[in-house]
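Could you build the full structure based on these sequences and the hints that come with them?
Here the protein sequences come in this chain order: A and B. Each residue of the first sequence is one higher than the one before, starting from 1 at the first, in my numbering. Each residue of the second sequence is one higher than the one before, starting from 1 at the first, in my numbering.
Be aware that a few hints might be false.
Label pairs and their in silico Cβ distance ranges [to be verified]:
id	chain 1	residue 1	chain 2	residue 2	range
1	A	Met-255	B	Leu-24	19 to 29 Å
2	B	Ala-17	A	Gly-277	12 to 22 Å
3	A	Pro-202	B	Leu-59	48 to 58 Å
4	A	Arg-116	B	Asn-54	27 to 37 Å
5	A	Glu-72	B	Asn-45	50 to 60 Å
6	B	Ile-80	A	Arg-302	38 to 48 Å
7	A	Thr-170	B	Ile-49	23 to 33 Å
8	B	Leu-24	A	Arg-302	27 to 37 Å
Source of the hints: derived by calculation from the structure; they are not laboratory data. Bear in mind the structure is a predicted one, so any value in this text is a computation, not a measurement. From the three backbone atoms N, C-alpha and C, an ideal C-beta is built for every residue, glycine too.
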Amino acid sequence: MVAIPNPVARPASRFRFILDRREVLGSLFVAPAILYVLLLVGVPFLLAVYYSVSAYTIYDPSWSFVGLENFEQIVEDPVFLQTLTNTFVFTFGSQTLGLILGKFGALLLLRPFPGRKFVRAMIILPWAVPVALATVAWQWMFDSLYSVINWTMIALGLITRSEAPNWLGTPHLAMLSVIVVNAWRFFPFAIVIFLAGITAVPQDVIDAATVDGAGFWRRNYLIILPMILPIMAIGLIFGIVFTFTDLSIVFLMTMGGPVGATSVLGFKGFQVGIVSGDVSHGAAISLFMLPVLLVVVVAMLRFIRRREI
Amino acid sequence: MQRVVSRAVGEVSFYGAVAFFFVLAAFPFYWMLITSFKSNSDLYNVANIPFWFNEPPTLEHFRYLFEQTLFVRWLLNSLIIGVCVVAITLLAALPAGYSLARMTGRNGEALGIGIFLTYLVPPTLLFLPLSRVVADLGLQNSMWSLVVVYPTFTIPFCTWLLMGFFKALPPDIEEAAIVDGCSLFGAFIKMTIPLSLPGILTVVIFTFTLTLQEFVYALTFISSSDQKPITLGVATDLIRGDVFYWGEIMAGALLASIPVAIAYNLFLDRFISGITGGAVK
Numbered sequence: 001m002v003a004i005p006n007p008v009a010r011p012a013s014r015f016r017f018i019l020d021r022r023e024v025l026g027s028l029f030v031a032p033a034i035l036y037v038l039l040l041v042g043v044p045f046l047l048a049v050y051y052s053v054s055a056y057t058i059y060d061p062s063w064s065f066v067g068l069e070n071f072e073q074i075v076e077d078p079v080f081l082q083t084l085t086n087t088f089v090f091t092f093g094s095q096t097l098g099l100i101l102g103k104f105g106a107l108l109l110l111r112p113f114p115g116r117k118f119v120r121a122m123i124i125l126p127w128a129v130p131v132a133l134a135t136v137a138w139q140w141m142f143d144s145l146y147s148v149i150n151w152t153m154i155a156l157g158l159i160t161r162s163e164a165p166n167w168l169g170t171p172h173l174a175m176l177s178v179i180v181v182n183a184w185r186f187f188p189f190a191i192v193i194f195l196a197g198i199t200a201v202p203q204d205v206i207d208a209a210t211v212d213g214a215g216f217w218r219r220n221y222l223i224i225l226p227m228i229l230p231i232m233a234i235g236l237i238f239g240i241v242f243t244f245t246d247l248s249i250v251f252l253m254t255m256g257g258p259v260g261a262t263s264v265l266g267f268k269g270f271q272v273g274i275v276s277g278d279v280s281h282g283a284a285i286s287l288f289m290l291p292v293l294l295v296v297v298v299a300m301l302r303f304i305r306r307r308e309i
Numbered sequence: 001m002q003r004v005v006s007r008a009v010g011e012v013s014f015y016g017a018v019a020f021f022f023v024l025a026a027f028p029f030y031w032m033l034i035t036s037f038k039s040n041s042d043l044y045n046v047a048n049i050p051f052w053f054n055e056p057p058t059l060e061h062f063r064y065l066f067e068q069t070l071f072v073r074w075l076l077n078s079l080i081i082g083v084c085v086v087a088i089t090l091l092a093a094l095p096a097g098y099s100l101a102r103m104t105g106r107n108g109e110a111l112g113i114g115i116f117l118t119y120l121v122p123p124t125l126l127f128l129p130l131s132r133v134v135a136d137l138g139l140q141n142s143m144w145s146l147v148v149v150y151p152t153f154t155i156p157f158c159t160w161l162l163m164g165f166f167k168a169l170p171p172d173i174e175e176a177a178i179v180d181g182c183s184l185f186g187a188f189i190k191m192t193i194p195l196s197l198p199g200i201l202t203v204v205i206f207t208f209t210l211t212l213q214e215f216v217y218a219l220t221f222i223s224s225s226d227q228k229p230i231t232l233g234v235a236t237d238l239i240r241g242d243v244f245y246w247g248e249i250m251a252g253a254l255l256a257s258i259p260v261a262i263a264y265n266l267f268l269d270r271f272i273s274g275i276t277g278g279a280v281k
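See the structure below:
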């Protein structure tokens, strides 16, 4: 009698059997990524929270609990309040400027013209190039003596050499400069987000609106803008997060100066926590970003959900 | 006649606006270029027209950069860091993205969003505890600390990117392979990965450019010149006391910017659809 080969009796190891179960292999596949993120983002985050309520410094690494003392001391410091204000001014100013530039840039790039590809490639540059490298170029353009901006204004007869502004050495001008540089870095990103949104609007919707008598501005603000709102919001959220927590532009251009006029939360946290070694106060300063980040995350979740509908 | 005039005015203002944006975006890079080829006596003379060469261009700054500074070392460091981070990111994000797209069902979506949100946790919130972690690992002041830390933002981003990519891939091919006797794991390795090469290439390029762009962690963890990656080295190490070596700084910035600029322009569309979570098809 010939035995009918039984598929179950095939020499399949138990290991192989487990690997063939969809949910088991699925968990195994996702585990390394989750572990990495938990260990190096989740745990450090909790550690940062604990630092902020401890008396930890690099000279006295004690873990003693001091409650909200660090926060109280920070809030009482008028310099810190200025830093907080600066952070909001810096974020709001550069995002607004960047969005306006982005909107107009996108409208321009929508229209086909000879060399559009090349122009688009060049316009992407400020966002693509490492921010630290672009920032040093701006620092050189704002140089107190050899500023090309001042040279041009003098050559055009707008100012004389003695009136030439010291961009990074005067409080309001320094703030303006870091805002301009950040807006400059952000606007190409705004352009591509706008473009991506606008080109995703179905042409028949726009045609229907045109047939119904909607002009250019109405089409723009009543039809297209509401439709691209979710995608714009996601772009803006990225912009806000990366600006609100930024440190590199201020660090390279002004070092928070002159006299704290451009000091922002990220920079202050770095100065106190890393440079001075007062880890607990540094962590407390950084945690002041958290409320804004939480608001942003909630907004992000809403928009991610909405786009699926 | 009036129509022709108003049309001409419209054209001129359109191209004027395009020119404005072009100059706004590109001028700092032109400024890098021209500065890096100018001799010092040309550079530091306010009577000269700064936009063009008043004296013959020179390669002096580039020569100095390569011979007298650690520029080549920084390039090498960045290359090593980038390659290692790419490897770690692929090992973690490829299976994770696949699993979230195919295997974990409804929870996968939520888990994916959760992982992506960690991309939004800023370095300036994590650098204090992470510098402790780095010290505990014995990596303080070493470029290997960046190899450990950079995947914290490349893994979430690339998992998200790959999740979208795998979702767009038809599942029939793997199913056919499984019917033909392939294991689930085998189908992933033999079918899905080869079919996903464009997505994988995108992830490789973006991980690499993200590591090149990073500044905050590098600034926090590394102080020795010979351990710095290129961005940090060029931005902070070419200053002696109060003297900025502008020609060298601009030459270095230019050389380091070019590859990133090219990569971004080639892969821009994929990056955007990744960041907007596939909202644009």
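A quick look at each hint next to the structure:
As the Cβ distance of A:Met-255 to B:Leu-24 is approximately 26 Å, the hint placing it in 19 to 29 Å holds. At roughly 50 Å, the beta carbons of B:Ala-17 and A:Gly-277 sit outside the given window of 12 to 22 Å. A beta carbon spacing of about 54 Å between A:Pro-202 and B:Leu-59 agrees with the range 48 to 58 Å that was offered as a hint. The hinted window of 27 to 37 Å between A:Arg-116 and B:Asn-54 holds, with their beta carbons roughly 35 Å apart.
Between A:Glu-72 and B:Asn-45 the CB atoms are about 54 Å apart, so this pair conforms to the stated range of 50 to 60 Å. A hinted range of 38 to 48 Å holds for the C-beta pair B:Ile-80 and A:Arg-302, which are about 41 Å apart. Range check, A:Thr-170 to B:Ile-49: Cβ separation about 26 Å, and the 23 to 33 Å hint holds. B:Leu-24 and A:Arg-302 have their C-beta atoms about 33 Å apart, which keeps the hinted 27 to 37 Å range intact.
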